[in-house]
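J.: Sequence:
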Amino acid sequence: MYPGGARRSSLPHAFEKGHSMTPQTFPESAGQVVQRRSTLRTRLSAAGIAAALAVTAGVAATVTSNNALAAAPPTPTGWTQNFLDDFNGGGLSGNWRIIEGTSYPGGPANFGTGEVETSTAAAVSVAGGVMSITARGQGMGPWTAARVETNRQDFRPPAGGKLRVEASLRLPEAPNGQSAGYWPAFWMLGGPYRGNWWNWPMVGEFDIMENVNGANRVWSTVHCGTSPGGPCNEKSGVGNGGPVGCQPTACTKGFHRYTIDWSAADSSATFYLDGRQTWRVQRGGNIPAAVWDQAFGSHGFFIILNIAMGGEMPANTLGPLNGATTGGGHLDVDYVVAYHGAANAPPPAVGPPGSTESPSPPPSPPQTCGPLISQNRPTSSSSNEAANLAPQYAVDGNMATRWSSQWSDPQWMQVDLGSIQPITRVKLDWEAAYASGYTIQTSTTGSTWTNAYQEYFGDGGTDDLRVVTSARYVRMNGTMRATGYGYSLFEFQVFGACAGQTTSPPPTTSSPTTSPTSSPPPGGRDAYGTIQAESFNAQGGVTVQGTTDTGGGQNITTVGNGDWVLFQNVNFGSSAATQFLGRVASGAGGGVSGLVEVRLDSQTATPIGSFAVANTGGWQAWRTVPANISGVTGTHNVYITFTSGQPADYVNVNWITFGH
Numbered sequence: 004m005y006p007g008g009a010r011r012s013s014l015p016h017a018f019e020k021g022h023s024m025t026p027q028t029f030p031e032s033a034g035q036v037v038q039r040r041s042t043l044r045t046r047l048s049a050a051g052i053a054a055a056l057a058v059t060a061g062v063a064a065t066v067t068s069n070n071a072l073a074a075a076p077p078t079p080t081g082w083t084q085n086f087l088d089d090f091n092g093g094g095l096s097g098n099w100r101i102i103e104g105t106s107y108p109g110g111p112a113n114f115g116t117g118e119v120e121t122s123t124a125a126a127v128s129v130a131g132g133v134m135s136i137t138a139r140g141q142g143m144g145p146w147t148a149a150r151v152e153t154n155r156q157d158f159r160p161p162a163g164g165k166l167r168v169e170a171s172l173r174l175p176e177a178p179n180g181q182s183a184g185y186w187p188a189f190w191m192l193g194g195p196y197r198g199n200w201w202n203w204p205m206v207g208e209f210d211i212m213e214n215v216n217g218a219n220r221v222w223s224t225v226h227c228g229t230s231p232g233g234p235c236n237e238k239s240g241v242g243n244g245g246p247v248g249c250q251p252t253a254c255t256k257g258f259h260r261y262t263i264d265w266s267a268a269d270s271s272a273t274f275y276l277d278g279r280q281t282w283r284v285q286r287g288g289n290i291p292a293a294v295w296d297q298a299f300g301s302h303g304f305f306i307i308l309n310i311a312m313g314g315e316m317p318a319n320t321l322g323p324l325n326g327a328t329t330g331g332g333h334l335d336v337d338y339v340v341a342y343h344g345a346a347n348a349p350p351p352a353v354g355p356p357g358s359t360e361s362p363s364p365p366p367s368p369p370q371t372c373g374p375l376i377s378q379n380r381p382t383s384s385s386s387n388e389a390a391n392l393a394p395q396y397a398v399d400g401n402m403a404t405r406w407s408s409q410w411s412d413p414q415w416m417q418v419d420l421g422s423i424q425p426i427t428r429v430k431l432d433w434e435a436a437y438a439s440g441y442t443i444q445t446s447t448t449g450s451t452w453t454n455a456y457q458e459y460f461g462d463g464g465t466d467d468l469r470v471v472t473s474a475r476y477v478r479m480n481g482t483m484r485a486t487g488y489g490y491s492l493f494e495f496q497v498f499g500a501c502a503g504q505t506t507s508p509p510p511t512t513s514s515p516t517t518s519p520t521s522s523p524p525p526g527g528r529d530a531y532g533t534i535q536a537e538s539f540n541a542q543g544g545v546t547v548q549g550t551t552d553t554g555g556g557q558n559i560t561t562v563g564n565g566d567w568v569l570f571q572n573v574n575f576g577s578s579a580a581t582q583f584l585g586r587v588a589s590g591a592g593g594g595v596s597g598l599v600e601v602r603l604d605s606q607t608a609t610p611i612g613s614f615a616v617a618n619t620g621g622w623q624a625w626r627t628v629p630a631n632i633s634g635v636t637g638t639h640n641v642y643i644t645f646t647s648g649q650p651a652d653y654v655n656v657n658w659i660t661f662g663h
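Residue numbers (my numbering): 4 to 663.
It should be emphasised that the hints constitute simulated quantities derived from the structure, not laboratory data. One or more hints might be untrue.
Said to hold, decoys possible - Ranges between beta-carbon positions, derived for each pair:
| # | residue 1 | residue 2 | range |
| --- | --- | --- | --- |
| 1 | 291 | 84 | 28 to 36 Å |
| 2 | 161 | 594 | 29 to 37 Å |
| 3 | 291 | 94 | 51 to 59 Å |
| 4 | 451 | 291 | 34 to 42 Å |
| 5 | 77 | 372 | 24 to 32 Å |
| 6 | 565 | 454 | 31 to 39 Å |
| 7 | 163 | 379 | 57 to 65 Å |
| 8 | 92 | 326 | 23 to 31 Å |
| 9 | 326 | 379 | 51 to 59 Å |
| 10 | 73 | 621 | 18 to 26 Å |
| 11 | 606 | 301 | 35 to 43 Å |
| 12 | 288 | 404 | 37 to 45 Å |
| 13 | 130 | 78 | 20 to 28 Å |
| 14 | 84 | 561 | 26 to 34 Å |
Every residue gets a Cβ at the ideal spot worked out from N, C-alpha and C, and that includes glycine.
Work out the full structure, taking the sequences as your base and the hints as a guide.
T.: Structure (structure tokens):
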């Protein structure tokens, strides 16, 4: 949103730092409208949301806090908490102020964005550990919603270090789906905007999350320089080039984590959705050095959460507010937290709040020795855009032909290999209409499918994927288009096993024992192979039991705070590993969670990465969870350590591996 350009176009800086819980009432201003970000990269189809069921303006929304955490997650290793509100009190705390009216005093009308709602404290409620902002109105209005801001305006990274700001949010959607014109945002604005109201965008703005029309799409943007135009392309700003979507639940259906890591060490800002990096901006790269220094070099920022109705961003992306738009949608905020860290503080853990399920990137690059086994095999698809764009044209070896689907989600195409065969690799060559979200699925029967690979942030071009399994049918199941068109593949290639290779997992024993089920390899371990958790060289606090996970064998159990396992002589090679994956399950009680951490060569070394684990549905309900790690090469002793704020056991581990 810009207070003068970004999300709320002209809101930034004008607030003093009072801690009153009383909403501030500002009379409407006749100041000129600073238009809202009118650009927004990818124009998507505005068709969207329809239904019946009228909801009258003023009907209070029933807010459910399913998927909300009982408390904010534990402070990650390498960071120190600087701010927290988990909304577990009886009302809105003194951390916040609510803006009243349609502008800041003396600032641009309609907050400079063309939005039409009146911000009011009546739109804000706190219950069940969740703060909710509810939009009320019908059609073209009138509308009410709210803009909620921190009283603090000193958020910035420490000298030479990092600031992380994160919120767990469920985005608004009208109860009947008629959400055209909804515009929620989570953003930060330069403190000097308060009291001036006309110095945007030079004071700087980070849009951590913007969404419109209840779509499963979010944007991140930076605003700076001068407007219109200028070095930061205002009022559009410098953005991530296109929206990304929430997985596996839509942004409006469950809570997701929206994060910014702002580094003073290298003058950069990195944006994340559920711990997966979506975009990065840096001084001297995307933004000229002098412009960065003016906007982000010295002053503090304040945090804003709001719903706007109508305005420039919806109108310029998925469609404007219209007569069918219905009130009752609410932005639900589970927690807002800020941390300080050193320059090398690790990136956020991967996965939605309170969940350990997340996409499973390949643990190592695909092998290239296997034969192409899909060419000219029978194909089928969910739809074809035209007869000459049928799926057989994606397996004909001709890059001048292609398959293209209808313009909707989801869509799929699949190839029949003729018999169950070992598979090592899948290669997708996308046309300009590519998938930002898709799953590679495999089947031995054509009726029951297994997810072999998931992509949440596809960027087109060629995707060369390590998919190791045995199957007859292989499918690309597109879940989110990156453009307003369909899904289009020049080639969909499946490769078999290399000579003398099998894709079947090695046999393991399933009898419970308290010692490793296999001797640690004498010559060292391959970081990119599967390292069975029970094959530790040493441990503290864990035991071993049989597992019902795929492939059988054993897992480590009774794992809680302070426990650890050691794997000696793990060889990462000369190409740095940047990902850690763990196969975990948890039947921990409510509120019990913890971290799975990776440390090198010492049990007390600073973790190079970690992910959080909470209840997955049972002690044998397995999930593969990835985490970003600092780059590692060479051979190391790897310690997996377990840290929790509660004494109860919280995780079982079946295996670990690393990836590039």
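J.: Hints first: check each against the structure and report whether it holds.
T.: Hints versus structure:
1. Here the CB-CB span from residue 291 to residue 84 is close to 34 Å, well matched to the stated 28 to 36 Å.
2. A C-beta distance of roughly 31 Å is found between residue 161 and residue 594, which places it inside the suggested range of 29 to 37 Å.
3. For residue 291 paired with residue 94, a C-beta distance near 44 Å fails the hint of 51 to 59 Å.
4. The supplied range of 34 to 42 Å is broken by residue 451 and residue 291, whose beta-carbon atoms lie about 55 Å from each other.
5. Checked against the hint of 24 to 32 Å, the C-beta distance between residue 77 and residue 372 comes to roughly 44 Å, which is inconsistent with it.
6. Hint check: residue 565 to residue 454, Cβ distance near 34 Å, so the stated range 31 to 39 Å holds.
7. About 59 Å separates the C-beta atoms of residue 163 and residue 379, a value consistent with the hinted range of 57 to 65 Å.
8. Range check, residue 92 to residue 326: Cβ separation about 39 Å, and the 23 to 31 Å hint is violated.
9. For residue 326 paired with residue 379, a C-beta distance near 53 Å keeps the hint of 51 to 59 Å intact.
10. A hinted range of 18 to 26 Å for the beta carbons of residue 73 and residue 621 is consistent with their spacing of about 19 Å.
11. The given range of 35 to 43 Å is respected by residue 606 and residue 301, whose C-beta atoms sit roughly 40 Å from each other.
12. Checked against the hint of 37 to 45 Å, the pair residue 288 and residue 404 passes, with Cβ atoms roughly 38 Å apart.
13. Range check, residue 130 to residue 78: Cβ separation about 26 Å, and the 20 to 28 Å hint holds.
14. A beta carbon spacing of about 29 Å between residue 84 and residue 561 agrees with the range 26 to 34 Å that was offered as a hint.
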